[in-house]
Amino acid sequence: MSSSRDAILAKIHRNRPGGPALPDIHAVPFITFDDKFAAFAGLIRNLGGEAIWLADGQSVADVVAQRWPKTGRTVDLTTMQHEEVFTPHDWHDVDVAIVPGELAVAENAAVWISHPDNIFRSLYFLTEKLVMVVPKDKLVDTMRDAYGQITLREHGFGAFISGSSRTADIEQSLVMGAHGAMAALVIFC
Amino acid sequence: MKADNIHHPDAARAFLTDRARASWHDQAIWFVRQKRDVQAKQLPEWEELRKLAEQIKAHTLSKLDDYLIQFEENARRNGVTVHFAADAAEHNRIVHQLLAARQVKKLVKSKSMLTEECGLNPYLEERGIEVIDTDLGERIVQLRHEPPSHIVMPAIHLKKEQISELFHEELGTEAGNNDPTYLTHAARANLRQHFLSADAGLTGVNFAIAETGGVVVCTNEGNADLGTALPPLHIASMGIEKIIPKLEHLGVFTRLLARSAIGSPVTTYTSHFHRARPGGEMHIVIVDNGRSDILGNPDFYASLRCIRCGACMNTCPVYRRSSGHSYSYVIPGPIGSTLGPSRDIKKHGSMAFACTTCGSCSNVCPVKINLHEQLILQRKRAFDAGTLKPAKKMGLLAMRFLTQHPALMDAGGKAMRKVVPILPAFVKDGTAWSRPGRDLPEMPEHSFKELYRRRQEDKQ
Ligand code: SF4
Numbered sequence: 001m002s003s004s005r006d007a008i009l010a011k012i013h014r015n016r017p018g019g020p021a022l023p024d025i026h027a028v029p030f031i032t033f034d035d036k037f038a039a040f041a042g043l044i045r046n047l048g049g050e051a052i053w054l055a056d057g058q059s060v061a062d063v064v065a066q067r068w069p070k071t072g073r074t075v076d077l078t079t080m081q082h083e084e085v086f087t088p089h090d091w092h093d094v095d096v097a098i099v100p101g102e103l104a105v106a107e108n109a110a111v112w113i114s115h116p117d118n119i120f121r122s123l124y125f126l127t128e129k130l131v132m133v134v135p136k137d138k139l140v141d142t143m144r145d146a147y148g149q150i151t152l153r154e155h156g157f158g159a160f161i162s163g164s165s166r167t168a169d170i171e172q173s174l175v176m177g178a179h180g181a182m183a184a185l186v187i188f189c
Numbered sequence: 001m002k003a004d005n006i007h008h009p010d011a012a013r014a015f016l017t018d019r020a021r022a023s024w025h026d027q028a029i030w031f032v033r034q035k036r037d038v039q040a041k042q043l044p045e046w047e048e049l050r051k052l053a054e055q056i057k058a059h060t061l062s063k064l065d066d067y068l069i070q071f072e073e074n075a076r077r078n079g080v081t082v083h084f085a086a087d088a089a090e091h092n093r094i095v096h097q098l099l100a101a102r103q104v105k106k107l108v109k110s111k112s113m114l115t116e117e118c119g120l121n122p123y124l125e126e127r128g129i130e131v132i133d134t135d136l137g138e139r140i141v142q143l144r145h146e147p148p149s150h151i152v153m154p155a156i157h158l159k160k161e162q163i164s165e166l167f168h169e170e171l172g173t174e175a176g177n178n179d180p181t182y183l184t185h186a187a188r189a190n191l192r193q194h195f196l197s198a199d200a201g202l203t204g205v206n207f208a209i210a211e212t213g214g215v216v217v218c219t220n221e222g223n224a225d226l227g228t229a230l231p232p233l234h235i236a237s238m239g240i241e242k243i244i245p246k247l248e249h250l251g252v253f254t255r256l257l258a259r260s261a262i263g264s265p266v267t268t269y270t271s272h273f274h275r276a277r278p279g280g281e282m283h284i285v286i287v288d289n290g291r292s293d294i295l296g297n298p299d300f301y302a303s304l305r306c307i308r309c310g311a312c313m314n315t316c317p318v319y320r321r322s323s324g325h326s327y328s329y330v331i332p333g334p335i336g337s338t339l340g341p342s343r344d345i346k347k348h349g350s351m352a353f354a355c356t357t358c359g360s361c362s363n364v365c366p367v368k369i370n371l372h373e374q375l376i377l378q379r380k381r382a383f384d385a386g387t388l389k390p391a392k393k394m395g396l397l398a399m400r401f402l403t404q405h406p407a408l409m410d411a412g413g414k415a416m417r418k419v420v421p422i423l424p425a426f427v428k429d430g431t432a433w434s435r436p437g438r439d440l441p442e443m444p445e446h447s448f449k450e451l452y453r454r455r456q457e458d459k460q
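Just so you know, the protein sequences line up as chains A and B, in that order.
Number 102 in the UniProt record's numbering belongs to position 102 of the first sequence; there are no gaps in the numbering.
Number 45 in the UniProt record's numbering belongs to position 45 of the second sequence; there are no gaps in the numbering.
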């Protein structure tokens, strides 16, 4: 095994071509948005999701209850005393998962999810409906800004999630709900 | 896996016999190209982004062994086991050993062109392991026992009626229900059970970050996430060229990938894996399989910058009108037509000619690979290797002779301009010029040379 390793690396070393220095990716101006929330909310509508700017006096629970009056098993990772499970499969029948998002990206409606208190990330993908709660001042313009701020907090795992799971593998018709969440709701609070 | 003897022009001719179908294929794929254009135009920095991506990848290839070592060290530090495989056989052996040692009976896979390249599925199935492809398109082609026809849209060659029939037989869906939503959700329910009962998950890799030792996988369906979050074993298979130096470089590549691939601002899930899920283990298999040879070839090494977005095939007039199954190599379209011949010119020589040299592929490629130029160089290799059919070879040799003898060329052109307009129709029968949609061009009265000379005289 290690002999393959050394032979491969030696051959790459022999064969590697010349190349430029690494470019400075911050030297180029990228797009900015005057109203980041409007950009985010406009995009996510076409990606099987919805974005809400929480009004004064309104709570996340209010918005969720309004959006889905009848829900099944709900797990809320934004509270300290959430339910714990022993295997990743135990989340298989979750209906609503409410999870904290660290930041949101205006250019593509993505939210960075990596939560230090969560043990099994399967929750994000098994749940039928995914609610991501993001602080209002954590909206950035582009992925470049996002990568400057994110941290991997959850057992080496983190994901940008943009809208709901989808596919167009049958004749290019867009269908929401491929394998992951069927619906996504992003609440800025 | 693909048959061993595919010759592009013959396979394309067969595909084109169903005109309506071929035209649908062309339009469906052109629509994706147009969606890509809409996304590109929304970013004023698009061309700068492509340049950055090109430079990052070119830089990485120039120090590839250093970055691989850095990646390996950081991955090990995270608790991930890293394996190196010189070729497909070693890759398959490593994966099988990992699975066998843990008594894995069922493996769920997310999209990976590399494992397709290595022939992993049949290798594992022969050894008694059930392999479930979980990307919807890949599941469809797996159930049909055929290779993917596109690297991003594996089942784009199929109509929904065919998928409905397949699902009726395999998953017990209602006969005649062709609704894509119904069919997708039926597959969802079926595959959900496979995810929950799998013993291991295998993913491809979009990007491997040297600085952090982690890998990034991009999907719209969430299948890579379910396949790695549930079973206790995650194996990620990657080619040596997937490395990028730093996490921040994803701020360039994630902006290009989905926009170029499917005309979306980003994929639904851009997942970063640095460790197994708690209680599990993670392995990364780094595969060479001919890549280091390409790296040493000054004409072709730029093809290793590829991020497998598929934009070059979506724009290619030949790919759209011949479909991925007409190409002998596992990766079709412009990028496949340089990678395939680089790997085996005897087997894949015909792919180098599946090109009009229009250059559209090079113009959309997010990492600015000079695809059409590489294809011309591959043609030369195909010719030298003696892979051309006699008629094509004779034609090329005749053309070479003519271009080297200007007087003959002039005389030949003159004869053609006189004779072709009065040719009886039957002469064209059985030639390429008699096929639907094609015709001989109208012959001009004068040659370019004559027109040019006259113009010069008029000027004086
Ligand atoms: S060659 Fe360029 S356009 Fe084609 S798949 Fe690779 S990155 Fe995309």
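I should point out that these hints are in silico values taken from the structure, not numbers from a laboratory.
Hints are not guaranteed to be accurate.
Claimed, not checked - Calculated cross-link-like contacts (lysine-lysine; reagent style DSSO-like; alpha-carbon spacing at most 27 Å):
{"#": "1", "chain 1": "B", "residue 1": "389", "chain 2": "B", "residue 2": "449"}
{"#": "2", "chain 1": "B", "residue 1": "368", "chain 2": "B", "residue 2": "392"}
{"#": "3", "chain 1": "B", "residue 1": "389", "chain 2": "A", "residue 2": "138"}
{"#": "4", "chain 1": "B", "residue 1": "392", "chain 2": "A", "residue 2": "11"}
{"#": "5", "chain 1": "B", "residue 1": "368", "chain 2": "B", "residue 2": "51"}
{"#": "6", "chain 1": "B", "residue 1": "35", "chain 2": "A", "residue 2": "36"}
{"#": "7", "chain 1": "B", "residue 1": "35", "chain 2": "B", "residue 2": "160"}
{"#": "8", "chain 1": "B", "residue 1": "392", "chain 2": "B", "residue 2": "347"}
{"#": "9", "chain 1": "A", "residue 1": "36", "chain 2": "B", "residue 2": "160"}
{"#": "10", "chain 1": "A", "residue 1": "70", "chain 2": "A", "residue 2": "138"}
{"#": "11", "chain 1": "B", "residue 1": "347", "chain 2": "A", "residue 2": "11"}
{"#": "12", "chain 1": "A", "residue 1": "11", "chain 2": "B", "residue 2": "246"}
{"#": "13", "chain 1": "B", "residue 1": "63", "chain 2": "B", "residue 2": "428"}
{"#": "14", "chain 1": "A", "residue 1": "36", "chain 2": "A", "residue 2": "136"}
{"#": "15", "chain 1": "B", "residue 1": "35", "chain 2": "A", "residue 2": "11"}
{"#": "16", "chain 1": "B", "residue 1": "347", "chain 2": "B", "residue 2": "428"}
{"#": "17", "chain 1": "B", "residue 1": "428", "chain 2": "B", "residue 2": "35"}
{"#": "18", "chain 1": "B", "residue 1": "63", "chain 2": "A", "residue 2": "11"}
{"#": "19", "chain 1": "B", "residue 1": "393", "chain 2": "B", "residue 2": "380"}
{"#": "20", "chain 1": "B", "residue 1": "346", "chain 2": "B", "residue 2": "414"}
{"#": "21", "chain 1": "B", "residue 1": "41", "chain 2": "B", "residue 2": "392"}
{"#": "22", "chain 1": "B", "residue 1": "51", "chain 2": "B", "residue 2": "63"}
{"#": "23", "chain 1": "B", "residue 1": "414", "chain 2": "B", "residue 2": "347"}
Hint by hint, here is what the structure shows:
1. B:389 <-> B:449: violated, 32 Å
2. B:368 <-> B:392: Status violated; Cα separation ~31 Å.
3. B:389 <-> A:138: violated, 62 Å
4. B:392 <-> A:11: violated, 37 Å
5. B:368 <-> B:51: holds, 7 Å
6. B:35 <-> A:36: Within the cut-off at roughly 23 Å; holds.
7. B:35 <-> B:160: holds, 22 Å
8. B:392 <-> B:347: Holds - the C-alpha atoms of residue 347 of chain B and residue 392 of chain B are around 17 Å apart, at most 27 Å.
9. A:36 <-> B:160: Given that 27 Å is the threshold and the Cα spacing comes to 39 Å, the pair is violated.
10. A:70 <-> A:138: violated, 30 Å
11. B:347 <-> A:11: holds, 25 Å
12. A:11 <-> B:246: holds, 24 Å
13. B:63 <-> B:428: Distance ~55 Å between residue 63 of chain B and residue 428 of chain B Cα, so the pair is violated.
14. A:36 <-> A:136: holds, 11 Å
15. B:35 <-> A:11: violated, 41 Å
16. B:347 <-> B:428: violated, 31 Å
17. B:428 <-> B:35: violated, 40 Å
18. B:63 <-> A:11: Answer holds: residue 63 of chain B to residue 11 of chain A is near 12 Å, not above 27 Å.
19. B:393 <-> B:380: Holds - the C-alpha atoms of residue 380 of chain B and residue 393 of chain B are around 12 Å apart, at most 27 Å.
20. B:346 <-> B:414: violated, 38 Å
21. B:41 <-> B:392: Status violated; Cα separation ~41 Å.
22. B:51 <-> B:63: Distance of about 19 Å is within 27 Å: holds.
23. B:414 <-> B:347: violated, 39 Å
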